[in-house]
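Protein chains in written order, with the numbering used here: chain E, 1 to 454; chain X, 455 to 748; chain U, 749 to 1026.
Read the hints as simulated data drawn from the structure, not as lab findings. On a predicted model such as this, the values are computed, not experimentally measured, just so you know. Hints may be right or wrong, so weigh each one.
The list that follows gives simulated cross-link-like pairs (lysine to any residue, SDA-like), each with its CA atoms no further than 25 Å apart [unchecked claim]:
1. U:802 / E:305
2. E:202 / X:603
3. X:658 / U:775
4. E:202 / E:394
5. E:307 / U:790
6. X:647 / U:764
7. E:71 / U:813
8. E:180 / E:391
9. E:288 / X:593
10. X:658 / U:916
11. E:97 / X:593
12. E:367 / E:67
13. E:97 / U:884
14. E:359 / E:77
15. E:367 / U:764
16. E:344 / U:970
17. X:602 / U:775
18. E:307 / X:728
Residues of chain E clear of chain U, computed beta-carbon distances all greater than 10 Å [stated by the list, open to error]:
19. 90
20. 378
21. 391
FRET-style restraints, in silico, Cβ to Cβ [to be verified]:
22. U:917 / X:489: 20 to 26 Å
23. E:162 / X:601: 57 to 63 Å
24. U:769 / X:653: 53 to 59 Å
25. E:85 / U:813: 25 to 31 Å
26. U:816 / E:181: 41 to 47 Å
Where is the CB? At the ideal position from N, CA and C, for every residue including glycine.
Read off the chains here:
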Amino acid sequence: MRKSIAIAISVIIVIAIIAGAIAYIYTPTKPTGKVYPEEVKEWLNMVKKKYGGRTINIAAVSHPSTSAFTKLIPEFEEATDIRVNTVVYEETKYFDKILLIASGEVVPYDIMFGCTEIRGSFAEEGIFSPIDDLLENTELTPSWYDWDDFVDAYKMGVTYKNHIYGTLVHGETNLLAYRKDLFEEYGKEPPTTYDELLETAKFFKEEVPGVAGISIRAKKDWEAQWAWIPFCYGYGGEFLDVETMTPNFSSPESIASLKYFVNLLKYGPVGIESFSFEEAWTNFRMGKSAMLLEASCAAVDIENPEKSVVAGKVGYAPMPSGPAGSVAGVWNWFLAIPSSVTGKQREAAWCVMVWLTSKYTQDDYLKYGGIITRRSGFEKSKTPYDAVILKSLDEVANSSLSHKMMEEWYGLPINLAAGSVISLYVAEVETGALTAEEACARMDEEVGEMLGGG
Amino acid sequence: MALSEFVRKNYPILLILPALLTVLVLVIYPLVTSLRISTYNWIFGTRWETARYVGLNNYRWLFGGGDYFLGTSIWVTLVYVSCTVLLSLILGMGIALLLNRITRYSSIFMSAFIIPLVTMPAVAGLAWRLYFTYDGFVNYLLSFIGLKINWYSVNYALLAMVIATIWVSTPFFVLVLYAGLTSLPREPYEAAKIDGASRWLIFKDITLPLMKPVILTATIIQTIDMFRMFDVPYIMFGGGPGSSTEILSIHISRVAFSMRYLGRGSCLSLLLIAIVLAVTVLLIRSLVRTRRGG
Amino acid sequence: MIIKLTSRKTAEAVTYAVLIFILFLFLLPYIFMALSAFKTRLEVFAYPPVWIFKPTLENLKTVIFGHNLIFYLKNTLIICLANTALTLLISVPAAYSFARFRFKFKETAFILFLILQLVPSISVIIGFYQIAQILHIYDTCIVLIITYLLWNVPFATWMLRGFFEGIPPEVEEQALIDGYSRLGALARVTLPLAAPGLGAVVMLLFILSWNEFTLPYFLTSYNARPLSTTVMFYTTHTEVMWGEIFALGFIATIPVIFLALLVRKSYVKALTFGAVKG
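Bound conformation, chain E alone (with noise of 0.2 Å):
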């Protein structure tokens, strides 16, 4: 025993000094010393003067344009003698992690990552404050930085009862993707409403062998609703009577567009009742089926050939339009700053955010794979897909559904909340186990319990 453990220990030092041996070898790149314009190295000197020598801490998500940030604050942090330190979370659970943190005394941020969902939630309760005084704090917000140049729709997704609360990091909307291959082969035109995009589904899925017809999300937790809400504004329906301030659910659109949904998974992979994001991109990428109803951001993989088997095969457009209309979400992720970060260090947590999304960084942000949310980087874009996201964020703007859908719904504190209760019943509906009549009057109920405050 005792010759074991002294193996047992000299291994450990042994392997403690080959680590430390490692780490000191590999040290992060060191920023190269770049050239900035006047007006660039202006600011940066005056962040420096004014808040060099603090420490920003960020709570991010794992995302992308996490990544890209990483990689443009070295440079940030060599001008002004701030240092900033990222901790990187998972998507669902960051917002358990974030909640928990918002029941205890200290924030330990100074800036964290938030989302269109939750932004009612949480400026409801005060946990981001709006950031209004700093957009329009001429000093440290620079002309090089360009509010305007955000995308109209994307800036709904950052504002609450009119105040501004984030700057953008992400931006997502509805989007149709397509195998122009296959479409070419057996005469198909992408669909334009609900119909036809049931009918070429169930083509496709029916006619055509070892294809299925569209490849959408529908597992539990919030993905069944997340795919759900836009065809249920589509339809008329809404989850939320704005002047009464109750539920919905059980309006007869409602109920029609949750039906035509469940009917619409029939016609797509097998297993896609449990299919995340993640399975029904990986299913369309991998040539499985021959549409893609998905978040637009899918679109960067489905044309990346090391990771996609329809690179150069795929279209895109809009999504349908429904009865009612056309309606399309928009989802984002921004930065946002802690109602407990006050004075000085939240000024300064504002210039780092101003350097990571400013127009000026913005080339820089989309080469390390940022996720394009302005304006300029979408007209800027070679790719075939961002003029269509593009023309459906204009849509998105003047469409008085897609409106509705995003301020009534998404307003809404309780939403993220209420959303794991439908997403509840809607699995039920996808499994048979409730018709769509009594998934829509058990939500009513449970939601309307929850908006009177559970």
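With the hints as your guide, set chains X and U onto chain E.
Leaving out everything else, chains X and U in the frame of chain E:
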């Protein structure tokens, strides 16, 4: 002198005191907090001061059918735990017996069998999720016998979860049962061999009774662990499709964190504790009886 | 008529064969995972699965260098080793006491141990979080080392009691007659005999602490984060980075397998002891 006298008399209790105190201290505060929260309506993410006292309302909600999925959840949990523990036990026992019969390399085999236990639950969950896709690894193996199952469907998801959990849980039984087998005395076996008893009889009448304390101990511990299992099932199916894999630990997390009803979540976790307690008390009774029987 | 396998060697060979087969089936998911750590994304999803491919080191590189793996590995090692040592220190005397002595409320106390560890992680998160904030040990290794004790101490006590009971008390009587104290007898005689059980428990404790996810996720931020929470770096908003996840899973198993190989010597010792004792 009084002190050494005191120490000598209470030696046994003094020995267990550090352990008992540690666990008590670590458990009391959270448990009491849980009990307290269960009488409030506390929205997760808000400060404690904003929570509303609601007395027994949460319990009324729980036992009055307010939770639509409670029945399903309890049933799924019981099925999940019992299947996993039983099958792991049998499999583990079989492997341990085999290991006991070889003379060399047993420790290498042992170390190899540990591997599923060692894999991080998050990675294991993700890996099994990938393996159970329709065009995944498991279906590839099954295709050799002409089957292809849709594991993601409501009929098979629970089975998929059970299989993945057995993979993770059997090594524990192998380890513990093998350690127990190697510590068994030789005499009964030598006597049985002289008597010419068959292998099955030896197992039934000598090995099993002698191993009973170890088997029961391992079963009890693993049962408790299976009730608390969260990461692997959650990553694999998140409780879906439908509610076919909504085990209690996932359900509690959903109610407390996703729906943000901390009060109700605390009630549910107390219910879970009660259920686990009931099940393990039954198992403990047999254990105690065995010990007394000698 | 029962035909006995007269040749011992044949019987043993058959046993080896069966064992290897079962082991192979068991390890297949792990082997596939380890192989996938070296695959490109397309190869991971290929159906039928790809067995022969050109391995790529990209995934390993991203995992080790891109996200500072060494730091998390260091944290995890510290937490697991310290916690295992602490647990043993507390549990061995307790288990010994339960195994050897009779005293009032013995069985009640034992069951109390069991009951106290029934608490699921979810219930304790809020409580522990509050305590950690109050004591200012939030996001330190210490808070994890202490909170893991909640489950590890009852577990170790229960398991060790079983193993200690398997050792006849007569062996210790001999040591006591020779003049050792109770604890001395424990250390010199019983522990070596209980070596297989002890080895098993050490290994299990280490693994339990190594794999714990929920508690460290909520109780740490960036200083004391262990390895188990780093899987989430590779499940992003837009993709699940399978290659990297499998690489991480593969790397994470190496230290523990190493420990298992180390501890296996105690099994060998037990076998020789048994022979001598007989």
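Evaluated hints:
1. U:802 / E:305: Distance ~17 Å between residue 802 of chain U and residue 305 of chain E Cα, so the pair holds.
2. E:202 / X:603: At roughly 22 Å apart (the allowed maximum being 25 Å), residue 603 of chain X and residue 202 of chain E satisfy the hint.
3. X:658 / U:775: Status violated; Cα separation ~30 Å.
4. E:202 / E:394: violated, 30 Å
5. E:307 / U:790: holds, 5 Å
6. X:647 / U:764: holds, 22 Å
7. E:71 / U:813: holds, 14 Å
8. E:180 / E:391: holds, 20 Å
9. E:288 / X:593: holds, 16 Å
10. X:658 / U:916: Cα-Cα ~23 Å, so holds.
11. E:97 / X:593: violated, 37 Å
12. E:367 / E:67: Holds, at about 11 Å.
13. E:97 / U:884: Measuring from Cα to Cα gives roughly 18 Å; hence the hint holds.
14. E:359 / E:77: holds, 19 Å
15. E:367 / U:764: violated, 56 Å
16. E:344 / U:970: holds, 23 Å
17. X:602 / U:775: holds, 22 Å
18. E:307 / X:728: With a Cα-Cα distance of about 48 Å, the restraint between residue 307 of chain E and residue 728 of chain X is violated, given a limit of 25 Å.
19. 90: violated, 3 Å
20. 378: Fine: 17 Å to the nearest Cβ keeps residue 378 of chain E off the interface.
21. 391: Since the minimum Cβ distance to chain U is about 21 Å, residue 391 of chain E lies beyond 10 Å and the statement holds.
22. U:917 / X:489: 20 to 26 Å: At 42 Å between Cβs, range violated.
23. E:162 / X:601: 57 to 63 Å: holds, 59 Å
24. U:769 / X:653: 53 to 59 Å: With a Cβ separation near 20 Å, residue 769 of chain U and residue 653 of chain X fall outside 53 to 59 Å, so the hint is violated.
25. E:85 / U:813: 25 to 31 Å: Cβ of residue 85 of chain E to Cβ of residue 813 of chain U: about 18 Å, so the range 25 to 31 Å is violated.
26. U:816 / E:181: 41 to 47 Å: With a Cβ separation near 43 Å, residue 816 of chain U and residue 181 of chain E satisfy 41 to 47 Å, so the hint holds.
Checked against the numbered hints given earlier, this structure breaks hints 3, 4, 11, 15, 18, 19, 22, 24 and 25; the rest are met.
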